[in-house]
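Chains as they are written, first to last, in the working numbering: chain C, 1 to 506; chain D, 1 to 506.
Derived from the structure by calculation, the hints contain no laboratory data. Just so you know, these numbers come straight off a predicted model, no measurement behind them. Among the clues, some could well be false.
In this list, chains with the same sequence are indistinguishable; a pair is considered to hold if it fits within one copy or across any two.
Below, a list of computed lysine-lysine pairs in the PhoX-like style, where the Cα atoms sit at most 20 Å apart [as the list claims (entries may be wrong)]:
| no. | residue 1 | residue 2 |
| --- | --- | --- |
| 1 | Lys126 | Lys17 |
| 2 | Lys240 | Lys280 |
| 3 | Lys213 | Lys251 |
| 4 | Lys194 | Lys241 |
| 5 | Lys126 | Lys20 |
| 6 | Lys194 | Lys348 |
| 7 | Lys9 | Lys500 |
| 8 | Lys343 | Lys126 |
| 9 | Lys212 | Lys280 |
| 10 | Lys213 | Lys241 |
| 11 | Lys500 | Lys17 |
Letter by letter, the chains look like this.
2 protein chains.
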Amino acid sequence: SSKPSFSCKEWILGVWKFAKEDINRVLYSLKMGFAVLLVSLLILCQAPYQVFGINIVWAILTVAIMFEYTVGATFGRGFNRAFGTLAAAILAIAIGELALSTGGIAEPIIIGVSIFIIGFVTSFIKLLPSFVPYESGFRIILFTYCLIIVFGYRMGSPFRTAMDRLYSIAIGGLIALTVNLFIFPIWAGEQLHKELVNNFNSVADALEECVKKYLEDDGSEHPEFSNTVMDEFPDEPAYKKCRSTLNSSAKLESLGNSAKWEPPHGRFQQFFYPWLEYVKVGAVLRYCAYEVMALHGILHSEIQAPYNLRITFQKEIQEATSDATELIRYLGKDICNMRRSLKTSLLKRVHSSTERLQRAIKVHSYLLTSANELHDNSSHTISSTSPDLSNQLVEPYNKCIEQSYNPPSQPNYGTTELQRGSYHEMMRKQSRSRLYSWPSREVEAFENEGGFSSNFIPRMQALQSTATLSLATFTSLLVEFVARLDRLVEAVENLSKVAKFKQEAL
Amino acid sequence: SSKPSFSCKEWILGVWKFAKEDINRVLYSLKMGFAVLLVSLLILCQAPYQVFGINIVWAILTVAIMFEYTVGATFGRGFNRAFGTLAAAILAIAIGELALSTGGIAEPIIIGVSIFIIGFVTSFIKLLPSFVPYESGFRIILFTYCLIIVFGYRMGSPFRTAMDRLYSIAIGGLIALTVNLFIFPIWAGEQLHKELVNNFNSVADALEECVKKYLEDDGSEHPEFSNTVMDEFPDEPAYKKCRSTLNSSAKLESLGNSAKWEPPHGRFQQFFYPWLEYVKVGAVLRYCAYEVMALHGILHSEIQAPYNLRITFQKEIQEATSDATELIRYLGKDICNMRRSLKTSLLKRVHSSTERLQRAIKVHSYLLTSANELHDNSSHTISSTSPDLSNQLVEPYNKCIEQSYNPPSQPNYGTTELQRGSYHEMMRKQSRSRLYSWPSREVEAFENEGGFSSNFIPRMQALQSTATLSLATFTSLLVEFVARLDRLVEAVENLSKVAKFKQEAL
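Start from the sequences, fold in the hints, and give me the full structure.
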């Protein structure tokens, strides 16, 4: 009984939303309808039908095949179709005349053998990696060749058949291009421009979301990493967008290839506008996004740094993240507005906040590894050295850090301080309960086995250390992300130079 | 002058290699040639031509459109074509008869409006995400509808045109299916099976290659991370394969969808063979491969752990890696042979070697952070505490580690030991020369600025620490990779259960 209620209303709502999301989708469909209507008028009306004859039906086929979403793609398809038809026509005429001149029983044999060879060659070539984009062209060559030569054999001269077919296709192509170009044109270049800007925003969003979740997550609502829904994180919309950014290379490239066919239009009045630079910037951005994926991997990894440890670096991580996302959004905005501006101050801020994060990790990593080691009573190794000595060593350090990392302008630092007080107990408790989630299957087996030098350092500690290092990994990846931003800034600057974005006065 | 020498010979050699790589490619092309030859014989020979008439040319079009690489894809295409044609024919006959019954001036108007509506609806529906796979079906509906209704208007009853077209298409489809199914069939299921096994091997290869390069790389031949060739690492073939594994989700899915259409064949004699389980295993494997990508990112990141530091963990890293790759290859082999076996011992070995790596990192991470700190004369903070004391603290530790991590059965450990002797000097030298590669653009700006609490900890140290943490990151990701292998083993076991792989006797 739940099915019928789903079936109709929801579907229509979904379709409505899909249409409203991008009005171009409706425009494209209306244009397609208009184009096929136009071309069928050539047959439905008496006057053009008397001029062109029934062969004009090929024009319908051409419109249906050629009419693509964007102007550039339509031009590209048209090229494939024109080239394929022309090549097939020339071949068919040449071989048809040859077969005709031999006459008699040889004619169908020559035609048959030629069809087999054309079928073999076109099918093989279209498999070659460099010809895959022109797959439709080869299909067109094959069936156009067959149609022309077979029609020619049964209906008379292949030359006439070919010519009829050619002008019919030319008319269809002309109608498709005209409608696509002059009625609400959808430009591949414009789409590429928007897509790239969106990619910038989605990378920034995903980074922000990922870091926010990492700092928020207190372990209680950490969802079990499951087999089936592994690729889906329903509560992370930005991550999904970012993942689609990673898979957008094909989309950007095809848009770039389509855009090359387009005449200057809208804001892009320059001839030979450098569309392929957009694709390059997209590649550099993707390279940055890989780091976000790795960060996301750590967010959902099974070995986690304890929450309290993560919260200790909250301020530094948040600052580095917000500076980085600000820079990315600024770059995206610059591209969006086709503006060229200096990003030096932003870049400087990102670098200095990252450096602060690095310093904090530097100090705390020392503290944490040693604290971990020295305060743990179960440690066998350290008990042979003097723990008091080491405490003495750590203490002044601790103070030093608090002095420098506790500016009075930070109101919420008190809480962190408080939390850090019970830090060791918390961590030990947390990690003890967490450790057994990994290795999930074989823990009993290990327990019984004993294994390699198990009395040297308790395995609890080794895993604890890995858990702590998980935080280090997170921050390292964040730093690496920032390091890659340099390249991104360079790539965007290069784009704005080549595409002649207007310089902003400072 | 270099161009003409390229043009021909190399291209032919490349094509030859492409054909030899997979003989199915040649077979497919030959079959395609044979199929179009068969269908054109229906027109070229007198007897069938007299039976079917000129309408049989539609059969040629059908073969050219329907004939796909695999049996399953051909069935799928055939379904699209059959469904599209049938829907279009029914619509065209209904509306054609309606238009005919009104007669006079209303007939072409009804036909024109219906063409516009069909053009609009099919174009819009094919944009909907859930209908994208059936795009060709909607194209076929559109042009079949136009052709039948327009032909019907000009040539007489639409019913006859539609029927002529339908049987012609049925004959074409039958020929395409028969040739594809009975002459050297290329099964999508078989391809999917092979592709998945290959994915297992390429992930294992990429991990091995990445770790090998990480441990080999002495920094001298570290290639400059460049803007243009960033996505290409010519000396890393396995990485490229692994990246294509990441992008193989669409391929696996389309093969899985095609395989569902196929009857039981070859080794897969079970009805409703669980092809979609293959796709699921592929997804889990991809999830593991993300970690390899992250490892690769660290290998090529600009902030690097010094070579000597990396070499210190060589043994543990290599062992964990080789155990992990062995497990992956074993899983791949099991799938390849459709065998079901226990992986407990292999899994146990991977876990114990990973644990050893974790322990080593645990110990050394303490040593390294502190050594870094304590032995560095430029450190301002530490000089306020007693460096002798800390040295005392570290020394016994050092010995302890050497005892446990220096088994006499390890002949090449002596070198490592020697290298570690001059470790501190090396590292300081290396990091000093490396540090300035990051941040590459703004280093001077920082130098002049001074910035935030620059006299607290020298920024050199902060970066040094990041460099050291780079190693920790590398190993953390390796550990995370191993953690994900559990899921992979589970997924493979699930597959072998559902697909009824034969149990191997132990």
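Quick rundown of the hints versus the structure:
In this assembly of identical chains, lysine 126 and lysine 17 lie within 20 Å of each other by CA distance solely across copies; the values are 16 Å between and 38 Å within a copy. Proximity of lysine 240 and lysine 280 under a CA criterion of 20 Å is satisfied inter-copy only: 19 Å between copies versus 22 Å inside one chain copy. Taking CA atoms no more than 20 Å apart as the test, lysine 213 paired with lysine 251 passes in neither setting, with 30 Å inside one copy and 32 Å between copies. In the homo-oligomer, the alpha carbons of lysine 194 and lysine 241 lie at most 20 Å apart inside one protomer (15 Å), although the nearest pairing across protomers, at 31 Å, exceeds that limit.
In this assembly of identical chains, lysine 126 and lysine 20 lie within 20 Å of each other by CA distance solely across copies; the values are 16 Å between and 38 Å within a copy. Taking CA atoms no more than 20 Å apart as the test, lysine 194 paired with lysine 348 passes in neither setting, with 28 Å inside one copy and 50 Å between copies. For a Cα distance limit of 20 Å, the shortest separation of lysine 9 from lysine 500 qualifies neither inside one copy, at 49 Å, nor across copies, at 42 Å. In this assembly of identical chains, lysine 343 and lysine 126 lie within 20 Å of each other by CA distance neither inside one copy nor across copies; the values are 46 Å within and 43 Å between.
With identical chains, the CA atoms of lysine 212 and lysine 280 are never at most 20 Å apart, being 30 Å at best within one copy and 30 Å at best between copies. In this homomeric assembly, lysine 213 and lysine 241 come within 20 Å of each other (Cα to Cα) only inside a single copy, at 16 Å, whereas the closest approach across copies is 33 Å. For a Cα distance limit of 20 Å, the shortest separation of lysine 500 from lysine 17 qualifies neither inside one copy, at 37 Å, nor across copies, at 44 Å.
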